[in-house]
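Asker: Sequence:
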Amino acid sequence: SVLPQPPRKSPQPSPIKLYKCCEQSGKYKVAELKSGPIFRADLMSTSVFLIDRGETGVWAWVGRDVDAREKLEAVRNARGFVKKKGYSTCVPVARALESEEPCELKTLLRNWEPIKTRPLTLPPSFEPEYMTERPKMAAECQLVDDGSGRRTLWRVSMRDGMKEVNEHGNMAGVYFAGVCYVMKYCYGSGRRERTIVRIVEFYIA
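Quick note: the sequence shown uses full-length UniProt numbering, first residue 1, plus one each step.
Don't read these hints as lab results, they were simulated from the structure. Every value quoted in this text rests on a predicted model; they were computed, and no experiment measured them. Watch out, some of these pointers could steer you wrong.
Have a look at the derived ranges for each label pair, beta carbon to beta carbon [to be verified]: (1) 86 <-> 36: 17 to 27 Å; (2) 29 <-> 170: 51 to 61 Å; (3) 174 <-> 86: 44 to 54 Å; (4) 163 <-> 112: 31 to 41 Å.
Note that CB positions come from ideal geometry on N, CA and C, so glycine has one too.
Can you build the whole structure from these sequences, using the hints too?
Answerer: As structure tokens, this is what we get:
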């Protein structure tokens, strides 16, 4: 006879801890700042912080003034932190950008209040080669360039076949349930040009 397996226990939340990430002498270091209640005021726009809840999950909070490279590597460094801590491989890791924090993160911090924001300033240039040469990092971050590439969208249906969608008309941004869409995105130039193809289908829930 086969004995039933005992039910799996959900991971118990660990005491919340806050870590600050920084690069010193060419090495990336993670230093523990505090254990216990974390306040919005503990997070600074010039740094990346890790909010650790053990097996429950790890958040990488990215300040708006952090350089582009640190923003791109935040998730990878958070995964490295999880591995170094000896957590299981299924521990969720997520990234949150300053002023775009989801409710799941806000509930972990005390005294969350709107922060005065200044106009967003984008870096003068984005180097797509940096991500192209690091495919694993690109897959983790889901970021290949600054969005200035060339995108083409087709709608596929039994009646019309494959028809290109005009994304600048009155129906721009409108998608229909039960229809399949094919998107092609080209970025880079010359020999470094790359193409991404995605197929998306929307269902009626």
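Asker: Quick one: are residue 86 and residue 36 within 17 to 27 Å, going by C-beta?
Answerer: 22 Å, holds
Asker: If I claimed the Cβ atoms of residue 29 and residue 170 lie 51 to 61 Å apart, would that claim hold in this structure?
Answerer: The hinted range 51 to 61 Å holds for residue 29 and residue 170, with Cβ atoms some 53 Å apart.
Asker: Take a look at whether the Cβ-Cβ distance between residue 174 and residue 86 falls inside 44 to 54 Å.
Answerer: At roughly 48 Å between Cβ atoms, residue 86 and residue 174 fall inside 44 to 54 Å, so the hint holds.
Asker: Given the hint of 31 to 41 Å, is the C-beta distance from residue 163 to residue 112 inside that range or not?
Answerer: 46 Å, violated
This entry does not satisfy hint 4, going by the numbered hints stated previously; all others are met.
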